[in-house]
Structure formats: structure tokens, C-alpha cells
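Undergrad: So you can see what is in the structure, the chains are spelled out below.
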Amino acid sequence: MSKRWHPLTAEQLARAEERLRHPQPGSRIEAAQKFGVDLSLLISQLRLTPAERVRRALDASATAEMVRGAARRVAK
Amino acid sequence: MRIAEAVHALSDAGVDFVIIGGWSAVLHGSSYITSDIDFCFARTRENCKKIADALRPYHPRLRDLPRTLPFVWDATTLANGTVVTLDSDLGPVDLLAEVSGIGAYNDVKRHSIRVPAFDREVWTLDLPSLIASKRAAGRAKDLQLLPELESLLEAAGGEQPE
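Protein sequence lines correspond, in order, to chains A and B.
Residues 1 to 76 (the working numbering) make up the first sequence, in order.
Residues 1001 to 1162 (the working numbering) make up the second sequence, in order.
In short, the hints are calculated from the structure, not lab data.
There's no promise every hint is true.
Said to hold, decoys possible - Below, in silico cross-link-like pairs of lysine to any residue (SDA-like), each with a Cα-Cα straight-line distance of 25 Å or less:
id	chain 1	residue 1	chain 2	residue 2
1	B	K1109	B	D1012
2	B	K1141	A	G69
3	B	K1141	B	D1038
4	A	K34	B	K1141
5	A	K3	B	A1132
Claimed, not checked - Here are the computed distance ranges between Cβ atoms for each label pair:
id	chain 1	residue 1	chain 2	residue 2	range
6	B	I1033	A	E18	24 to 30 Å
7	A	T63	B	P1128	28 to 34 Å
8	B	S1100	A	A70	31 to 37 Å
9	B	A1013	A	K34	43 to 49 Å
10	B	S1100	A	D59	28 to 34 Å
11	B	T1085	A	A31	31 to 37 Å
12	B	T1085	A	T49	27 to 33 Å
13	A	A31	B	R1067	33 to 39 Å
14	B	A1013	A	E52	24 to 30 Å
15	B	A1136	A	H22	27 to 33 Å
Predicted model only: the values in this text are computed from it and were never measured.
Built from N, CA and C at the ideal position, the CB exists for glycine as well.
Can you make the complete structure from the sequences, with help from the hints?
TA: Right, here's the structure in full:
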């Protein structure tokens, strides 16, 4: 296996999306769906490069940091 | 939390490190949000010195050490620790010499891939190994990530999903 990241080909990505859209009964993906994982989010994430995933996560983390405790502050 | 700056500081100093934990999950496509970053580091004298020098400007201190107690940040502190949990100007940074379910740095590096992210080329655990490490760690917050990570692996048909 290559030790360097490489993107999924268009065909591999299409197959991955199909598996996430229509989980096979008894699959890990179906179990995750039942557990509460939002599979549409995973589809969206798979389309991104690792650098784009990091940027998105950094934005989300910054937002979470900004609103942390906001409900408590409003309640006071 | 200045995650990217933490990565830049280590990377630009030529530190041997692998991104593990929550940010590794993010690199693989998880939507997990975390406010700290975990690195596995090579516990050689030279590497510990590079880490100490790279993070010194950000005033690292052990998280669980009272502010009033003296703390020496140097290569020896790092070389003597297996898990070093720090607070710093960059936010919480965890440095681990070993990873549950995988082993020490050389084992971790062998189970890692090189990824373009954080405006650098960084190493992170490959997805099967990240899953193994989370399972071995066994804490609720680790196990909670497994369904998502296993879905990513299965979606890509067991290939390294990107």
C-alpha cells in the first residue's frame, strides 16, 4: 500500500457514496446509521481533500469555542 | 486553539511526529470536533530537543501541574514521559511516545500515511490503525468514534479511504 495519501478515483468515490447512501443489511455502515452517525456528512467529507477537511474542522472548532457557554451567559 | 500553528511549529523544526487521535480522524473524513491535538513523537534525544525548542516560545506546562509548582520544559522532561499532556499558548497539546494498540513511534510511523494538510506534508495513522488504536484505548470517547471510522473504511471497500 502506498504510504502517501491519494484521492479515491471517481469510480471508487461513486462506490463509496453508494455504500453510504444504501447501507447493506448487517454492514458496519448500517450499524453506524443505527448508532446515529449522519452518513450524509460522511459523503460530504469523503469528497474533500484532507486539507479541506482540516479547514472545515478548524472553522467548526472556532465556532464551538466562540459559542461555548453562550446559553449560560444569556440565562444570567 | 491554534492547532495549525502547533503543527507548523513541529513540522518546521524537523520533528519526527505522527498526528494521532481526533485530528487523525478528521484527516480521514470524520466530522468529529476536538479542541486539542495529539502527536506521537520519536523519543530520541535529538527529537525531544527539537520538540522542546519548537514549543518553548508557546510556554508549555503540564496540564495537571498546579501553576505555583516549578516546571522545567526541556528534552529530558520529554524523554522521561510516555504521555505528556500540555497546556500552552497554542492550546492543549498532547505528546505520546506510545499509542494504544499500535506501539511505540516506529510502529506508529510504519502504520501511517503522509497527507497534505495544514499547509504541510504531515504523517497520520492510517485508518485501520487509527481504528485499532481507538478500540485499544477503550474509553467512551474513543469507542464513540468507531462507528463513524468503520463506516469510512467500509465505504471505501477496505481501501485506504480518503
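Undergrad: Work down the list of hints and note, for each, if the structure agrees.
TA: How the hints compare with the structure:
1. K1109(B) to D1012(B): Within the cut-off at roughly 18 Å; holds.
2. K1141(B) to G69(A): The given pair, whose Cα atoms are some 21 Å apart, holds under the 25 Å limit.
3. K1141(B) to D1038(B): holds, 14 Å
4. K34(A) to K1141(B): holds, 18 Å
5. K3(A) to A1132(B): holds, 18 Å
6. I1033(B) to E18(A): 24 to 30 Å: holds, 27 Å
7. T63(A) to P1128(B): 28 to 34 Å: Holds, at about 31 Å.
8. S1100(B) to A70(A): 31 to 37 Å: holds, 35 Å
9. A1013(B) to K34(A): 43 to 49 Å: For K34(A) against A1013(B), whose Cβ atoms are near 45 Å apart, the range 43 to 49 Å holds.
10. S1100(B) to D59(A): 28 to 34 Å: holds, 30 Å
11. T1085(B) to A31(A): 31 to 37 Å: holds, 32 Å
12. T1085(B) to T49(A): 27 to 33 Å: Given a distance of about 30 Å, which is inside 27 to 33 Å, the answer is holds.
13. A31(A) to R1067(B): 33 to 39 Å: violated, 45 Å
14. A1013(B) to E52(A): 24 to 30 Å: For A1013(B) and E52(A) the Cβ distance comes to about 26 Å; the hint holds.
15. A1136(B) to H22(A): 27 to 33 Å: Since A1136(B) and H22(A) have Cβ atoms about 32 Å apart, the given range 27 to 33 Å holds.
Comparing the model with each earlier hint shows a violation of hint 13 alone; every other hint is respected.
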